[in-house]
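Asks: These protein sequence lines map, in sequence, to chains B and U.
So the first sequence is residues 134 to 591, counted in the working numbering.
So the second sequence is residues 134 to 591, counted in the working numbering.
No copy labels: a pair is met if it fits in one copy or bridges any two.
Straight line, CA to CA, 27 Å or less: simulated BS3-like cross-link-like pairs of lysine-lysine:
no.	residue 1	residue 2
1	286	455
2	387	295
3	455	141
4	286	256
5	483	499
6	154	295
7	511	573
8	373	406
9	141	286
10	141	412
11	290	457
12	154	299
13	457	141
14	199	406
15	141	373
16	286	457
17	573	497
18	172	256
19	457	172
20	177	256
21	351	141
22	154	455
23	499	412
Think of the hints as simulated: they come from the structure by calculation, not from any bench.
2 protein chains.
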Amino acid sequence: MSSSNNSKVLTLENMNSAVIKLEYAVRGPLVIRAGEIQKELQQKISKPFKDVIKANIGDCHAMGQKPITFLRQVLALATLPELLDSPDYPEDAKSRARILLENCLGYSIGSYTESVGLEIIRKHAAEYIEKRDGIPSNYEDILLFPGASSGIKNILKLLNAKIDGKSPGVMIPIPQYPLYSASVTEFNMVQIGYYLNESRNWSLEIEELERAINEAKKTCFPRILVIINPGNPTGQVLTKENIEEVIKFAYREKLFLFADEVYQDNVYAEGCKFFSFKKVMFEMGPPYSQMELASFMSCSKGYMGECGLRGAYAEVVNMDPKVKTMLFKLVSASLCPSVHGQIALDCVVKPPMPGEESYDLFIKEKTAVLSSLAERAKMVADTLNNIPSITCNPVQGAMYAFPKLLENTGICIVPGAGFGQEPGTYHFRTTILPQMTRLKEMLTRFEQFHLKFLHEYQ
Amino acid sequence: MSSSNNSKVLTLENMNSAVIKLEYAVRGPLVIRAGEIQKELQQKISKPFKDVIKANIGDCHAMGQKPITFLRQVLALATLPELLDSPDYPEDAKSRARILLENCLGYSIGSYTESVGLEIIRKHAAEYIEKRDGIPSNYEDILLFPGASSGIKNILKLLNAKIDGKSPGVMIPIPQYPLYSASVTEFNMVQIGYYLNESRNWSLEIEELERAINEAKKTCFPRILVIINPGNPTGQVLTKENIEEVIKFAYREKLFLFADEVYQDNVYAEGCKFFSFKKVMFEMGPPYSQMELASFMSCSKGYMGECGLRGAYAEVVNMDPKVKTMLFKLVSASLCPSVHGQIALDCVVKPPMPGEESYDLFIKEKTAVLSSLAERAKMVADTLNNIPSITCNPVQGAMYAFPKLLENTGICIVPGAGFGQEPGTYHFRTTILPQMTRLKEMLTRFEQFHLKFLHEYQ
Numbered sequence: 134m135s136s137s138n139n140s141k142v143l144t145l146e147n148m149n150s151a152v153i154k155l156e157y158a159v160r161g162p163l164v165i166r167a168g169e170i171q172k173e174l175q176q177k178i179s180k181p182f183k184d185v186i187k188a189n190i191g192d193c194h195a196m197g198q199k200p201i202t203f204l205r206q207v208l209a210l211a212t213l214p215e216l217l218d219s220p221d222y223p224e225d226a227k228s229r230a231r232i233l234l235e236n237c238l239g240y241s242i243g244s245y246t247e248s249v250g251l252e253i254i255r256k257h258a259a260e261y262i263e264k265r266d267g268i269p270s271n272y273e274d275i276l277l278f279p280g281a282s283s284g285i286k287n288i289l290k291l292l293n294a295k296i297d298g299k300s301p302g303v304m305i306p307i308p309q310y311p312l313y314s315a316s317v318t319e320f321n322m323v324q325i326g327y328y329l330n331e332s333r334n335w336s337l338e339i340e341e342l343e344r345a346i347n348e349a350k351k352t353c354f355p356r357i358l359v360i361i362n363p364g365n366p367t368g369q370v371l372t373k374e375n376i377e378e379v380i381k382f383a384y385r386e387k388l389f390l391f392a393d394e395v396y397q398d399n400v401y402a403e404g405c406k407f408f409s410f411k412k413v414m415f416e417m418g419p420p421y422s423q424m425e426l427a428s429f430m431s432c433s434k435g436y437m438g439e440c441g442l443r444g445a446y447a448e449v450v451n452m453d454p455k456v457k458t459m460l461f462k463l464v465s466a467s468l469c470p471s472v473h474g475q476i477a478l479d480c481v482v483k484p485p486m487p488g489e490e491s492y493d494l495f496i497k498e499k500t501a502v503l504s505s506l507a508e509r510a511k512m513v514a515d516t517l518n519n520i521p522s523i524t525c526n527p528v529q530g531a532m533y534a535f536p537k538l539l540e541n542t543g544i545c546i547v548p549g550a551g552f553g554q555e556p557g558t559y560h561f562r563t564t565i566l567p568q569m570t571r572l573k574e575m576l577t578r579f580e581q582f583h584l585k586f587l588h589e590y591q
Numbered sequence: 134m135s136s137s138n139n140s141k142v143l144t145l146e147n148m149n150s151a152v153i154k155l156e157y158a159v160r161g162p163l164v165i166r167a168g169e170i171q172k173e174l175q176q177k178i179s180k181p182f183k184d185v186i187k188a189n190i191g192d193c194h195a196m197g198q199k200p201i202t203f204l205r206q207v208l209a210l211a212t213l214p215e216l217l218d219s220p221d222y223p224e225d226a227k228s229r230a231r232i233l234l235e236n237c238l239g240y241s242i243g244s245y246t247e248s249v250g251l252e253i254i255r256k257h258a259a260e261y262i263e264k265r266d267g268i269p270s271n272y273e274d275i276l277l278f279p280g281a282s283s284g285i286k287n288i289l290k291l292l293n294a295k296i297d298g299k300s301p302g303v304m305i306p307i308p309q310y311p312l313y314s315a316s317v318t319e320f321n322m323v324q325i326g327y328y329l330n331e332s333r334n335w336s337l338e339i340e341e342l343e344r345a346i347n348e349a350k351k352t353c354f355p356r357i358l359v360i361i362n363p364g365n366p367t368g369q370v371l372t373k374e375n376i377e378e379v380i381k382f383a384y385r386e387k388l389f390l391f392a393d394e395v396y397q398d399n400v401y402a403e404g405c406k407f408f409s410f411k412k413v414m415f416e417m418g419p420p421y422s423q424m425e426l427a428s429f430m431s432c433s434k435g436y437m438g439e440c441g442l443r444g445a446y447a448e449v450v451n452m453d454p455k456v457k458t459m460l461f462k463l464v465s466a467s468l469c470p471s472v473h474g475q476i477a478l479d480c481v482v483k484p485p486m487p488g489e490e491s492y493d494l495f496i497k498e499k500t501a502v503l504s505s506l507a508e509r510a511k512m513v514a515d516t517l518n519n520i521p522s523i524t525c526n527p528v529q530g531a532m533y534a535f536p537k538l539l540e541n542t543g544i545c546i547v548p549g550a551g552f553g554q555e556p557g558t559y560h561f562r563t564t565i566l567p568q569m570t571r572l573k574e575m576l577t578r579f580e581q582f583h584l585k586f587l588h589e590y591q
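Here chain B stands alone, though its shape is the one from the complex (with noise of 0.2 Å):
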């Protein structure tokens, strides 16, 4: 073969052509001009705004939520372990500390793990989900990952083959976390958009599934079925009747459930509740309590927040044992999830309890972050409301809301068409996540300019 100084080995012609037609909108070129505006803000470059207030994102840190003490003594306490003889720790943070060193190897977090996590973290994560659904949970079934985005990919490909010479289809809400449509794309598997019901705040409804997957099945073999429940970028909190509904549709279809829980701790509107999916299917009994699930939980969200620690797990609920072989070596070839984003999840799903030494604080810090979003999420829907042709669902949960309008700019938000939306309508996601000050700042600024426009081109 023959070669000349100019050609690349590796063009845009001869690349993965999946990976051309990957969007991922959280982090495109919206995203990037914020970060040059802020650049040319740094250089006294005049705008019509002394900053950029970032709401495109759900980066709790970043717009000024406190971390969670104990999480960091315990995880600095792990990576220094002459702290643990310090009297300036609670027992129980170092208690915890020493636990988790027992159990890595070498007493050194800088040991790998088992591929899929330290069997102690699994075992906290099992007794935590027990906790909170009052069905039983086997940590056997629990696998840890640097990230939920990690754990969805993982088990997405397990289910990436052709049946009858037909591509698997992927059953996702539109609106959507980006993540799934990416995945989906970059997988060259299907994606089958259903719609949630703006008009009835985002709701999920049987009849637009069976439309969707009817249509689907001409083109593609439908395997599974993603639910983001609280929603993201829609905020919505699922009923356990609508949840019980669903179930029986994916049991008819033959669907492999992938429950996106990774914002359980995130409800805030009176009257809601968080419900697992697999507590619900396990209430129904058989066949449902039979069915194939995996569940995802992460420490980016909730009331820690803690993105850049890449801590995550993935239960998977009644996987045929032989697949879930196959899941184990797939994940060994990763080596391990990061110890630290290991030593934060051990830390949510165990928090300090009743009588511990950091229990007081624990609350407190917990409290006044789960309040203050609940307050800041109200605010967002009230005041969007209040602003002439946009409309805005209550915020019920997760970090997010997608208000319906007709253009935007200035603040650096997302467009809805990432994340899919009903062809004729326009919105944006804003995260709910700037302090209260500077959400309303925000506001204020979006409305401006959007009564400006309004009265410009009306």
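Please build the complex by placing chain U on the supplied structure of chain B, with the hints as guidance.
Replies: The following block gives chain U in isolation, referenced to the frame of chain B:
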């Protein structure tokens, strides 16, 4: 579609067959059995030995290696910023933690970073490479990953496209590190094995590369040449002349070079020196200096051995800018690498400098680890060569010996088949990581078993 209670949605028959095919020997069935034996020993089940010596994986801290103090201090300070006010930490560690925190949104390692890692750490990595090679390095070519494996898989994925209807071929050394065979299988790419010449100390011979590629061209389209230098599992260090020949071969064949250089600090043998592929390529001048290359470095190996922290970088040299944009987009869907892993890598690429408070201790710790590894490297090869019917090349670098023999048991090492070996030869890979007394015990146990075996079957 009908469904029955007993049938699973996902089975071995209808799952992704590439996942079934992939093998990852370092964590395969032997390692699982070793874990079982350890549990049995804890339960006082009688065995002909009292403990399991794990020499199957390059897990330094698990084998008693101590972490570098500076690195752990910076991590603890960044995790718990209140420690920045304490007089108990050296000023350079505190100032490093402060600088890194200033580059984290919200002054917290709990925030997401850019998907390719913090810009400041990428800049430090570029400075490290420049200093190492005397060749310019652009931080915009550097991406941080949670482990070199993740970087390798992401870049491999870019090249996964059929050309002229043929699947892409990946040339990997035999013996090789099984990440490569596992990833090539997972991605449905084609493995092109080229044998290293054991009789010439695992040298990489151009005639063998040519034989392998010519044979492969009948069935696939060769696109990538993977080199592991220093070698894993074979421990050889390539000479500059050998690297030049390899580069010329890759140029003739229009291959994208993958230089796995994670053991660049682990060079022990007299007269051996590490040369990066990038340095050699640039010193050769055009057209070689314009070739596309990805080089990988990790904080899991070297003198730091921080496997559990998951910190690594890839430098992509001469990559088409449009392709690089696609690579950045691809990694953005994984959000970001662990910030702790990024910080660990920062300490590796920018260690304490002469005159700084931590310098003396750092050099003492680094030297102690590397000289102890050098001693163990020599001892392992010498001892193995003194056992009848076993031969072992000198361990010039990395952390492994790959001796040729007839059979083995008892000690947890990895059979040669997991790395690939010439038909009719039998090897195992052992790390040189157990501390000296344990390593001697292991070799004695091994020798006794082996002599007994020869006595019975010869």
